[in-house]
Amino acid sequence: MNKLYIFLKYFFIVVWTVFVVAPFLWALTTSFKDFQSVNGGVTYIPWVDFEPNLEGWKVLIKSPAKGGVDIIEPYFNSLFVTCTASLISIILGTLSAYALSRYTFKAGFVKNNDITFFFISQRIMPPIVLSIPFFLFLSSINLLDSLTGLIVVYIVLLMPIAVWIMVDFFNKVPREIDETALIDGCNPYQAFLKVVLPNSIPGLIVAGMFCIIFGWIDFFFAFILTFTEVQLLPVKIVALNSSVTPWWSLSASALVSVAPLIIVAFIVERYLSKGNLSGAIK
Amino acid sequence: MAKIDLSNISHSYNPNDPNPVYALNPFSMTWENGNRYAILGPSGCGKTTMLNIVSGLVRPSAGRILFDDKDVTDLKTEDRNIAQVFQFPVIYNTMTVYENLAFPLKCRDFSKSKTDERVNSVAETLNLKSFLNSPARKLTADQKQLISLGRGLVREDVAAVLMDEPLTVIDPDLKFRLRRNLKEINEQYKTTLVYVTHDQNEAMTFADNIIVMSEGEVVQTGSPKELFERPNTTFVGYFIGSPAMNLFESEISSNDSVKINNTLIKTHTNLSNLKTKNIKLGIRSEFIKIAQNQNENLIDVNVQKVEDLGNYKLITAKMGDFTIKSKVTRETEIPNQNVKLHIPAEKCCVYEDNKLI
Chain G
1 MNKLYIFLKY
11 FFIVVWTVFV
21 VAPFLWALTT
31 SFKDFQSVNG
41 GVTYIPWVDF
51 EPNLEGWKVL
61 IKSPAKGGVD
71 IIEPYFNSLF
81 VTCTASLISI
91 ILGTLSAYAL
101 SRYTFKAGFV
111 KNNDITFFFI
121 SQRIMPPIVL
131 SIPFFLFLSS
141 INLLDSLTGL
151 IVVYIVLLMP
161 IAVWIMVDFF
171 NKVPREIDET
181 ALIDGCNPYQ
191 AFLKVVLPNS
201 IPGLIVAGMF
211 CIIFGWIDFF
221 FAFILTFTEV
231 QLLPVKIVAL
241 NSSVTPWWSL
251 SASALVSVAP
261 LIIVAFIVER
271 YLSKGNLSGA
281 IK
Chain S
283 MAKIDLSNIS
293 HSYNPNDPNP
303 VYALNPFSMT
313 WENGNRYAIL
323 GPSGCGKTTM
333 LNIVSGLVRP
343 SAGRILFDDK
353 DVTDLKTEDR
363 NIAQVFQFPV
373 IYNTMTVYEN
383 LAFPLKCRDF
393 SKSKTDERVN
403 SVAETLNLKS
413 FLNSPARKLT
423 ADQKQLISLG
433 RGLVREDVAA
443 VLMDEPLTVI
453 DPDLKFRLRR
463 NLKEINEQYK
473 TTLVYVTHDQ
483 NEAMTFADNI
493 IVMSEGEVVQ
503 TGSPKELFER
513 PNTTFVGYFI
523 GSPAMNLFES
533 EISSNDSVKI
543 NNTLIKTHTN
553 LSNLKTKNIK
563 LGIRSEFIKI
573 AQNQNENLID
583 VNVQKVEDLG
593 NYKLITAKMG
603 DFTIKSKVTR
613 ETEIPNQNVK
623 LHIPAEKCCV
633 YEDNKLI
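Chain order of the listed sequences is G and S. At position 179 of the first sequence (counting the first as 1) the number is 179 in this note's numbering, and the numbers step up by one without a gap. Numbers given in this note's numbering equal positions in the second sequence, counted from 1, plus 282.
Treat the hints with care, as some may be off.
Taking lysine to aspartate or glutamate and the EDC-like style, the derived pairs with C-alpha atoms no more than 16 Å apart in a straight line are [what the hints assert, rightly or not]:
#1 LYS194/G x ASP391/S
#2 LYS194/G x GLU360/S
#3 LYS396/S x GLU381/S
#4 LYS609/S x ASP590/S
#5 LYS194/G x ASP590/S
#6 LYS358/S x GLU179/G
Please keep in mind that the hints were generated in silico from the structure rather than gathered at the bench.
Full structure from sequences and hints, please.
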């Protein structure tokens with residue numbers, strides 16, 4: 001029974017690993033192939049099945065004049081927009097969530113839960129509904145096709161995530177923690193910064209992770225609100241496609257674009273394994 | 283350390299409602315400097331609200347709070363210099379035990395040497411010395427509660443230390459030792475300690491003054507002896523003591539005697555001015571003994587059950603419809619089912635409308 005259990009355990013782990021890792025291996029090998037290797041039947045092993053070359057990768061850094069697509073600038077644009085918007089969303093979202101969790105708001109029939117739902121409802125709406133208002137808004141303040149404009153839009157999109165996660169998190173942090181800090185001599189701001197916030201780091205990490213993921217993978221708004229001046233990575237990757245699909249450079253760009261998320265996942269995983277996130281979902 | 287005056291305090295959590303419900307009905311009280319007080323009452327009777335009003339976490343709907351005759355009603359919690367320990371451990375998870383204990387001193391800019399001295403002294407008292415550098419979150423629940431307690435005791439100059447059932451999560455052995463430590467701290471530093479509990483034994487052994495509360499009302503304040511022997515209301519009689527006070531529906535028979543089930547019981551209470559004839563007679567089971575050679579205040583009962591509870595025997599007997607409980611020594615022989623019990627007149631309490639006459 002015990003042996004069967006161990007066998008099944010490892011069997012499922014192997015199956016799952018293959019399931020997760022196979023697309024990456026496929027993308028990795030494809031990124032080193034050329035036209036013939038991609039279209040000449042199934043090939044997997046470099047130097048045996050096909051002769052690897054760096055064409056797929058070179059296209060990503062070559063300027064358009066030399067037949068490349070140059071994703072370096074869009075890549076850093078994406079990093080900058082995602083990180084800035086996530087950071088601002090987390091700061092604003094955390095402050096809003098703390099207020100919603102600890103103080104009572106009432107305006108007619110609107111109460112705390114309604115305000116929280118209002119934030120979440122921003123994410124329930126299909127993005128297409130927001131596209132025209134965003135377009136008109138950014139064009140009226142001359143921020144179309146700019147990094148600042150995108151950051152503003154992304155804050156609107158990411159802050160609800162931060163509010164949603166942090167309200168729930170703060171609700172689970174006992175009020176007595178704040179009260180004890182007040183009794184110990186902190187004013188309400190110090191109580192928040194010195195006591196409640198350090199206790200909420202796991203929640204901040206979870207909220208930050210979601211903001212980064214949703215910000216990084218957004219294609220829709222980046223596509224609609226930018227043209228020539230500013231481009232983000234997802235839009236640039238789509239622009240790689242042509243009548244003959246360049247699987248090799250698409251694969252290389254997919255790997256490059258997923259790299260920051262993998263790094264974030266590794267950092268969070270290390271944090272998780274230390275047990276520091278144990279309170280996050282209590 | 284301060285004398286705390288609560289003057290005409292009342293509190294409702296919905297004061298603007300047309301029919302506000304009061305968590306605390308108006309009361310006035312003075313907590314003298316350096317005394318030990320216990321607030322005793324069932325859950326939901328307003329004990330915690332009273333503590334929170336004193337610490338400033340709740341602003342009373344009406345009334346004033348004075349620390350050493352200075353009005354602090356509108357003073358914020360952080361400016362009241364008060365310590366409060368909650369029922370469940372509240373620790374700062376991200377700090378070490380030392381940092382937790384030092385936090386109230388750090389917030390008030392105490393010097394490093396003074397902080398070290400106080401933290402070490404409190405850690406010594408609470409057996410936390412060996413954990414000072416450990417992360418607070420890694421400790422057990424009762425050790426965490428010791429940290430909470432330590433944070434409450436680390437400042438010597440607090441107006442009072444308020445404790446809201448602080449020993450609930452602590453194991454009984456340590457609980458006993460801690461109660462003794464708290465008493466020692468009180469005697470040594472003359473710190474005013476206010477201890478909320480629903481456990482009468484805890485209140486009786488800890489405090490020199492007990493405040494009994496019921497449904498938002500302060501029903502009696504007094505020493506453990508006063509509360510035990512002369513409960514102001516039938517509620518106090520019922521709530522304090524184990525088993526609860528024996529209470530019998532009675533009729534007035536003369537100026538100082540009542541009739542229970544056609545048996546005359548003399549009391550030391552003057553009953554001549556009472557408007558109603560129906561009253562209640564209360565007597566503690568500790569004072570009811572098997573009759574020896576007394577010739578009055580005797581009742582004939584039928585013994586239903588005798589429980590040996592280690593250091594005493596508890597007799598449960600019936601007299602007509604009434605159930606009587608009597609605590610006797612283990613050595614007492616209970617002759618047979620029908621026995622005579624003696625009710626000492628000086629220990630009888632007579633209640634009119636559930637209030638002591």
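These are the hints, each one checked on the structure:
1. LYS194/G x ASP391/S: Holds: LYS194/G and ASP391/S sit about 15 Å apart, inside 16 Å.
2. LYS194/G x GLU360/S: holds, 14 Å
3. LYS396/S x GLU381/S: holds, 14 Å
4. LYS609/S x ASP590/S: OK: LYS609/S and ASP590/S at ~10 Å, within 16 Å.
5. LYS194/G x ASP590/S: violated, 55 Å
6. LYS358/S x GLU179/G: holds, 11 Å
Violated hints amount to a single one, hint 5; each of the other numbered hints is respected by the structure.
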